[in-house]
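Those sequence lines, one after another, are chains A and B. Last residue of the first sequence: 686 (the working numbering), numbering continuous. Last residue of the second sequence: 332 (the working numbering), numbering continuous.
Hint data in this document are derived by calculation from the structure and do not stem from the laboratory. A quick note: this is a predicted structure, and the numbers were derived from the prediction, not measured. Heads up, the beta-carbon is just placed ideally off N, CA and C, and yes, glycines get one too. Some hints here could point you the wrong way.
[As the list claims (entries may be wrong)] Straight-line C-alpha distance at most 25 Å; calculated BS3-like pairs for lysine-lysine:
id, chain 1, residue 1, chain 2, residue 2
1, A, K540, B, K302
2, A, K345, B, K266
3, A, K651, B, K280
4, A, K540, B, K280
5, B, K128, B, K69
6, A, K345, B, K76
7, B, K280, B, K302
8, A, K625, B, K128
9, A, K367, A, K424
10, B, K302, A, K481
11, A, K559, A, K367
12, B, K298, A, K573
13, B, K237, A, K540
14, B, K280, B, K298
15, A, K476, A, K540
16, A, K345, A, K562
17, A, K540, B, K266
18, B, K266, A, K562
[Unchecked claim] A few chain A residues that face chain B, going by a derived Cβ cut-off under 10 Å, partial list only:
id, residue
19, W297
20, G451
21, P624
22, K625
23, F628
24, L634
25, H653
26, G671
27, K676
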Amino acid sequence: MMNRDINGEGRKFNRGEEEEEEDEDEESGRGRDAWERTYADERSWESLQEDESGLLRPIDNKALHHAQYRRRLRTATTAGIQKGLIRYLYIVIDLSRAAGEMDYKPSRMVVVARQVEAFIREFFDQNPLSQIGLVTLKDGVAQCLTDLGGSPESHIKALMGKLECSGDSSLQNGLDLVHDLLNQIPSYGHREVLILYSALSTCDPGDIMETIQKCKSAKIRCSIIGLSAELYICKYLCQETGGLYSVALDEPHLKELVLEHAPPPPAIAEFAIANLIKMGFPQRAAEGVISICSCHKEAKFGGGYTCPRCKARVCELPTECRICGLTLVSSPHLARSYHHLFPITPFDDVSPSITNIPHKLPKSCFGCQQSLLNPGNLPGPWVACPKCKQHFCLDCDIYIHESLHNCPGCESFKQSNSVTNMEV
Amino acid sequence: MSPPVPSKILTDDVSLLMVLIDSNPHFWSSIKPHFSFSKFLSHVLAFLNSILLLNQLNQVVVIATGINSCGYVFDSSSGSVSQRAESLLPKLEEFAENDESLSERDDDSGNGVGSSLLSGSLSMALCYIQRVFRSGPLHPQPRIICLHGSPDGPGQYVAIMNSIFSAQRSMVPIDSCVIGIQHSAFLQQASYITGGVYLKPQQLDGLFQYLATVFATDLHSRNFLQLPKPVGVDFRASCFCHKNTIDMGFICSVCLSIFCKHQKKCSTCGMLPNVCRSIFGQAQTRDPSASQQRK
């Protein structure tokens with residue numbers, strides 16, 4: 263890295279004198295021409311595919327995307343399996359020497375930080391009642407970067423401020439630290455750890471097998487995402503604790519693997535004791551009222567929420583009241599988790615070649631009114647809801663199952679009673 | 038899903054307006070002396086035509102919300118270039134007849150004013166908006182306006198909240214114009230969470246004025262206008278046992294049901310399939326061999 267910088271500066275210095283003649287060289291940068299870069303950096307051969315007869319054809323992105331989504335849906339858990347909705351998750355980030363490798367551009371550490379930021383936002387979107395904490399592994403020790411908290415901004419700010427890598431990584435120290443930190447959480451919460459591991463080894467002070475057994479008996483679910491290669495110890499840890507181990511191939515794959523951990527995992531009933539948690543539902547304070555807010559300790563004008571137990575003002579929800587310790591939420595926060603409890607059924611593929619009378623086939627998708635026929639009047643693939651029998655295009659299928667969580671067909675026809683009879 | 042890239046290629050004032058019209062016949066007959074569906078339509082058609090006149094590239098799509106079904110009745114971007122909003126009338130009539138015929142089979146017309154299927158038309162509107170986002174970087178800025186009057190149906194709560202959160206993620210504001218006597222708590226929450234405008238006009242005879250001054254402007258210009266602010270949005274929850282609104286309650290950690298008093302067992306967990314009835318304070322009794330098999 264240092265060499266490159268010096269070269270770059272050297273070039274710029276020269277360029278000052280010979281600017282007009284060196285315009286072409288400027289664009290090639292770093293000693294390589296643009297055509298060389300497409301082979302070295304961009305791997306252009308990956309965007310081609312062979313069909314059955316050996317001829318080249320470009321990749322059909324839409325069908326591929328849909329097939330990926332179908333795979334995700336099949337491996338995701340179906341309705342009826344209990345999910346851990348109140349999660350306490352520690353993200354352990356490996357900042358050892360291996361994180362400075364540049365096989366991910368610009369470096370593994372930066373890519374991991376970017377994905378963790380996206381993951382934190384997605385996590386709080388899907389699990390508003392849960393909390394995250396950050397731990398780093400550097401120079402053979404594990405340090406707690408942020409405590410368990412529910413505000414995404416503070417975690418992201420702390421992470422982005424501390425991106426330096428050096429030394430070895432120690433899996434055992436990381437697990438020890440997380441185990442001690444997770445001991446303090448209430449018994450109804452699900453304890454989880456997500457480790458983003460770049461190194462190919464671990465440098466431990468003692469017997470890591472003992473630590474793994476300790477974590478297993480403390481009911482902590484450890485999942486690991488590797489960035490270099492598969493390690494036996496990581497696989498063993500995940501198998502023992504019931505987590506997931508996966509190794510990323512490139513940046514989009516890493517993103518997919520990280521975001522897989524955002525929805526709540528299936529819960530093993532003995533891991534968390536069911537409990538009634540006391541929570542408050544604060545009202546929004548009237549506009550124009552001046553009060554001292556308990557989070558920033560300064561006078562604020564208007565807005566904010568009032569804790570129903572101690573009447574302190576808080577700025578945003580969900581949070582824990584700093585004065586009396588009551589968890590404060592609003593009903594939409596609880597509603598964000600309802601779709602995990604009542605997921606919609608996956609749609610069935612409809613192949614255009616089955617014995618449907620051609621003129622009875624639906625012309626357009628029920629949700630978006632897009633034509634289901636390919637150009638040339640040939641029907642393309644589409645899906646149908648098994649309950650309401652309405653037909654949808656592939657893109658609506660993905661949107662409905664991943665973001666909307668309502669079937670427009672089922673919602674648009676009056677049913678006598680529905681499963682989702684929860685009234686709030 | 039990654040959030041959509043905001044459109045910056047078209048000028049800022051091009052909008053796609055999804056209009057959800059409440060066609061619940063029970064509701065419209067209940068406010069007969071003050072207002073009627075035909076008067077309402079005349080205001081709305083004038084409003085839709087004025088939107089189409091504000092900018093050549095504006096699009097309007099109308100979805101009718103009935104009591105038994107929902108359906109698209111107008112799309113300004115399909116068919117001939119200069120379509121006037123009046124062309125939705127025959128389709129709307131066909132829809133209303135179809136809707137009524139579906140309800141003749143049921144026998145619960147004595148229930149007073151039932152609720153219309155707002156969750157269905159919201160879901161359809163959001164699917165259409167996703168299609169517009171997929172069409173490339175040159176797309177208008179979408180928003181949804183609900184012209185609604187029927188009371189809220191509690192059975193639709195979860196579906197409406199799902200639609201609201203999806204709209205929030207896609208940055209689509211949901212405006213509400215409530216015709217009728219009562220406020221709608223669902224639409225208040227929808228407009229608050231998505232950043233839209235909620236309005237309950239005082240004088241329905243001047244509905245076009247309200248629509249044209251509050252809801253006609255595009256999203257970019259809203260920064261420069263003084264629009265009705267959200268007041269009194271009540272985010273408190275209701276307990277499952279008595280349906281009272283509560284300030285403080287108890288939440289089951291497994292299924293998130295809300296109770297006003299501490300109890301021994303969660304009454305909802307037993308109804309979710311395959312979930313053990315949660316007994317609070319004790320670990321579920323299971324022998325260790327069963328838990329090993331699960332792994």
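Open item on the list: Against the 25 Å threshold, does the CA-CA distance of K345/A and K266/B hold or violate the hint?
Closed with: The given pair, whose Cα atoms are some 38 Å apart, is violated under the 25 Å limit.
- [ ] Please work out if K476/A and K540/A have their alpha carbons no farther apart than 25 Å.
- [x] 30 Å, violated
Open item on the list: For a C-alpha distance cap of 25 Å, please report whether K345/A and K76/B respect it.
Closed with: Given that 25 Å is the threshold and the Cα spacing comes to 51 Å, the pair is violated.
Open item on the list: Min Cβ distance, L634/A to chain B: is it shorter than 10 Å?
Closed with: 12 Å, violated
Open item on the list: Tell me if the straight-line CA distance from K298/B to K573/A falls inside 25 Å.
Closed with: Holds - the C-alpha atoms of K573/A and K298/B are around 21 Å apart, at most 25 Å.
Open item on the list: Tell me if the straight-line CA distance from K540/A to K280/B falls inside 25 Å.
Closed with: Holds: K540/A and K280/B sit about 18 Å apart, inside 25 Å.
Open item on the list: Run the distance test for K280/B versus K298/B: straight-line Cα separation, threshold 25 Å.
Closed with: 13 Å, holds
Open item on the list: Next pair to validate is K540/A with K302/B; report whether the Cα-Cα distance is within 25 Å.
Closed with: 15 Å, holds
Task: Pair hint outcome, K559/A versus K367/A [Cα-Cα no greater than 25 Å] - done: Violated, at about 42 Å.
Open item on the list: So if I understand the rule, the pair passes when the alpha-carbon distance is 25 Å or less; does K302/B with K481/A pass?
Closed with: 24 Å, holds
Open item on the list: Does K280/B sit within 25 Å of K651/A, going by the straight-line distance between their CA atoms?
Closed with: 34 Å, violated
Task: Interface restraint verdict for F628/A against chain B (beta-carbon cut-off 10 Å) - done: With a closest approach of 8 Å, the F628/A hint holds.
Hint compliance for this structure: hints 2, 3, 6, 11, 13, 15, 16, 17, 19, 21, 22, 24, 25 are not met, and every other hint is.
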